[in-house]
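Put chain D on the given structure of chain V with help from the hints.
Residue strings, one per chain:
Protein chains: 2
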Amino acid sequence: MGQQDFIAVDWGTTNRRAYRIRAGAVIDSVQDALGVTAVPAGGFEQEVARLREALGDAPMLLAGMVGSNRGWMDAGYVPTPATLEQLSAAMVAPMEGVRIIPGVRHVAEGRGDVMRGEEVQLLGAISAGLAPPDALLCQPGTHCKWAWMRDGAIARFVTAMTGEMFALLRKHALIGQEMTGEVMPGDAFAEGVRDGARGDLLASLFGVRPASLLGLRAQADAAAYVSGLLIGADCAAHAGKGIVHLLADPALGALYACAIEQLGGRAERIDSHAAFIAGATRLWENLT
Amino acid sequence: MGQQDFIAVDWGTTNRRAYRIRAGAVIDSVQDALGVTAVPAGGFEQEVARLREALGDAPMLLAGMVGSNRGWMDAGYVPTPATLEQLSAAMVAPMEGVRIIPGVRHVAEGRGDVMRGEEVQLLGAISAGLAPPDALLCQPGTHCKWAWMRDGAIARFVTAMTGEMFALLRKHALIGQEMTGEVMPGDAFAEGVRDGARGDLLASLFGVRPASLLGLRAQADAAAYVSGLLIGADCAAHAGKGIVHLLADPALGALYACAIEQLGGRAERIDSHAAFIAGATRLWENLT
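Chains V and D, in that order, are what the protein sequence lines are.
Reading the first sequence from the start, the letters are residues 4 to 291 in my numbering.
Reading the second sequence from the start, the letters are residues 4 to 291 in my numbering.
Looking at chain V on its own, in the form it has when it is part of the complex:
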């Protein structure tokens, strides 16, 4: 059971990471920019062959946007509450020896949300004991996921466009001209978190330029302040006063941890890489 090597691929829109896994441990891996959008129509079989050249022949489990209607084959979504067993049962096989993991959808009160790829980390974190079976998990990023786990299942979740909004503002907004400084979890970030939690984001964002004009904030602090505003708004809406288990890279994890604690919650960091490997391994074991 599960002792055969397999290859797990976290295949996103713009990036791809593939791991050769033996008995729950990574024995080899590759990472590149061949995300789903970089693969031409009909090109996935060849990409699979190339990954096997790099990592050795083995059956493959694919997670992420590769299973969307913009990827190789639409693997659909399983509904909440979602478990690893349901994901295993709903996998699709675009070719012999390759399975694609479905995403998860949550619909309540007429509102809907979807994830594709994050579910492996979330459920893997629980199955590996990195977070308890009833917990709030957060995956910061371009699209920040907040997932409420109950009895080890993804009970509900919501996504905020926090990272995408920061990038949009810096690149295209009038206040983007001000956002040239470094983003660090210091005073300007904390001021942003405080203002972001007030729930008047559109006005707080406009205020960035007057603050420079009127000498109320150094322009070098504008980017950190805006980051604080967005992360503060995100955390105020979702984090609550309990523990948030963070699955994030160190820099973004530090910002979210600061915001969560400033707003009265507690942050605990989880190794998101370990969570993905644990989730993929459990999914593989369910199959074999």
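Hints in this document: simulated from the structure, not taken from any laboratory.
Quantities reported herein were computed from a predicted structural model and do not represent experimental measurements.
Hints are not guaranteed to be accurate.
The list cannot tell twin chains apart, which means a pair is met if one copy fits it or any two copies do.
[As the list claims (entries may be wrong)] Derived SDA-like pairs: lysine to any residue, alpha-carbon spacing no greater than 20 Å straight-line:
(1) K244 - R153
(2) K174 - S215
(3) K174 - G243
(4) K244 - A96
Here is chain D on its own, set in the frame of chain V:
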């Protein structure tokens, strides 16, 4: 007193409107795209001469971004509470026969905001009796101004980047692909207002694409929904349950009026053109 003709110019970043005014009435006007950014350094005297060729020789009052550090001459800001008398007293004269009206700044609790041009409409609306001396006025647009008037003065104000955010999202965000439909004050707009008022804007915005993917909302409704989200968030943060006096063009005024009334307030429309002429006339009378 004030019986001599004068020319009032609302000279913004990208547009310009000039009016020849006699005894409080417009007798001629021109409008073009020669905003401040279209005038080369050192070119303002020539532009003034051209406006006088079009409208006849007369002293000129200039309002708007022409008085900023990116315009002809920085006319500074008068602090809140701001009155027409203070604006008159603080005008600057870049050349004989031309005065530039300063802007207004508001600073409280470490936060600051500025306006430049809007103050003439706001104070003009009160001086012409279009709104009472204690009132909340709103000027929707790229940067939506909310101004609380007390005893006829601008007591405090706040600006939200509502219109700029809508344009940013439509042009540059991932959800922009969905935002192809018309924006009308119908059901999708109302749904957006309701969700925007919940105070979870970053998640509500992300939800636009899942709503299409999961068949919860027609894609044709996405733009109206996003407009509702942003205007709903703006109005929920600022409008309150009383009367809001709206200075807006008909289309945007209709959207704001819907949102304000949906959220339990009352909207009254004011003719923003008449308000500007009244404000400029009163400023001119103060000078002469």
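Hint by hint, which ones does this structure get wrong, listed from lowest number up?
-> Violated hints: 3 and 4; rest satisfied.
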